[in-house]
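Top to bottom, those sequences are chains A and B. Mind the numbering: the first sequence is residues 1 to 282 in our numbering, read in order. Mind the numbering: the second sequence is residues 1 to 104 in our numbering, read in order.
To be clear, the hints were calculated from the coordinates, so they are not data collected in a lab. Honestly, I wouldn't trust all of these hints.
No more than 20 Å apart at the CA atoms, straight line, and that leaves these computed lysine to any residue pairs for SDA-like [unchecked claim]:
1) B:K9 / B:Q36
2) A:K141 / B:R39
3) B:K41 / A:E49
Listed below are the residues making up each chain.
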Amino acid sequence: MSSTAAAPVEDLDDDQREAVQHLLYRLGDDEFVAAERYTEWQVRAPTLESDLALSNIAQDELGHARLWYDLLQDFGYDEPDLLFERDPETFRHSTMTELPFEEGDWSDAIVRTYLYDVAEDLRLEALEDSSYGPIRDRVGKIQSEEDYHLEHAESWLDRLASDDDGQRRLQEAVDRLFPYALTLFEPTDPDVEARIVDNEYRTEPLDELGEEWLSNVVPKLESYGLDVPISEDGTITSADLPPEIGRDGNHMDDWESLYDDFTQTYRDLGRTEATTLMEDPS
Amino acid sequence: MIWEVFRQKKTGEYHTHCGNVHAPDREMAKLFAQIQHGRRKPTNSLWVVPQEEVGEVDAEETSFGGTTDKSYRWSTAYNIEPPAKEVEESANEQAEAERQRGDS
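Using the sequences provided together with the hints, build the complete structure.
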């Protein structure tokens with residue numbers, strides 16, 4: 001699969017190609033790995049309804065990953081290159097997406113989707129006017145599904161925060177997840193990040209997106225009486241971040257087992273190419 | 001708490017019952033109904049209704065068809081040959097309706 005519209009890949013010089021690819025890997029890998037983790041809740045969520053809702057969100061995120069990986073195929077990669085035969089150390093997702101869930105802790109799933117979906121909304125806004133047409137063209141389709149994700153997460157937050165037990169669980173999840181969530185806004189490489197913004201592939205720099213995200217999630221979490229583990233003045237330093245950022249290819253040990261899981265069938269069946277059921281996404 | 005879900009396929013059509021969802025309140029019921037009953041079928045609108053708010057009358061309580069002969073209501077009961085044009089049209093219509101209801 002590859003996008004059929006005249007791909008403007010040819011118009012890019014080497015530096016620009018690197019920048020667009022970095023951007024697409026961040027987008028695709030975040031969505032793919034987040035979805036892989038969400039599906040672990042299947043048949044384990046608190047009720048059938050909550051199970052189906054989160055599974056559907058996972059399915060949406062896989063669809064979004066497919067849209068971004070498809071654009072990487074314009075650079076000459078195929079699906080095994082991008083997923084099933086890819087060196088796990090080259091994945092650029094944020095470590096919040098690979099972090100295992102605290103077993104049986106639904107508030108972890110809710111806080112995680114909330115932190116992620118606010119970030120995703122902001123970054124999609126910053127791609128609406130991307131100078132790279134194929135990215136710009138796909139943003140609207142993704143945004144139309146994201147509204148539900150955020151509404152789902154916020155509805156659950158409201159309800160979990162309404163009693164002491166729920167609030168305690170939310171606080172534990174916030175304490176645990178917040179440092180990892182900050183990695184969503186870490187650059188893959190500062191030079192490449194500058195190029196992404198200068199060429200307007202993404203129209204806002206990551207640090208501004210990060211500030212916007214903080215000004216959104218911090219008051220919201222505090223309105224539930226939760227403490228957000230960052231300094232009073234809101235500045236983020238490397239001390240606030242976990243040891244593994246993910247964006248730079250540095251991952252947690254849990255990533256290795258997750259990678260082994262989703263590539264297992266491919267390896268067991270001795271595949272050399274990915275089976276495709278659908279036309280190219282667009 | 002159980003919420004009965006009604007789906008409308010197109011504007012102007014009736015909302016028809018399509019199942020239910022468990023949810024603590026109306027807002028969550030609407031969220032869950034979207035996923036479970038709206039996503040895979042053509043849907044223009046969904047209603048969620050608390051199950052306990054649904055009033056029911058069943059066949060044990062009442063005889064829905066009535067008990068006495070009311071065939072005078074149906075034009076097919078008037079067998080005058082040849083029928084008047086209006087009667088014939090009405091009879092055809094009635095026969096068609098009965099066929100669709102599965103009565104004949």
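The hints, checked one at a time:
Straight-line distance between C-alpha atoms of B:K9 and B:Q36 comes to about 15 Å, which keeps the hinted pair within the 20 Å bound. Between A:K141 and B:R39 the CA atoms are separated by roughly 16 Å; this keeps the pair inside 20 Å, and the hint holds. Annotation: proposed proximity of B:K41 to A:E49 holds, straight-line Cα distance about 18 Å (limit 20 Å).
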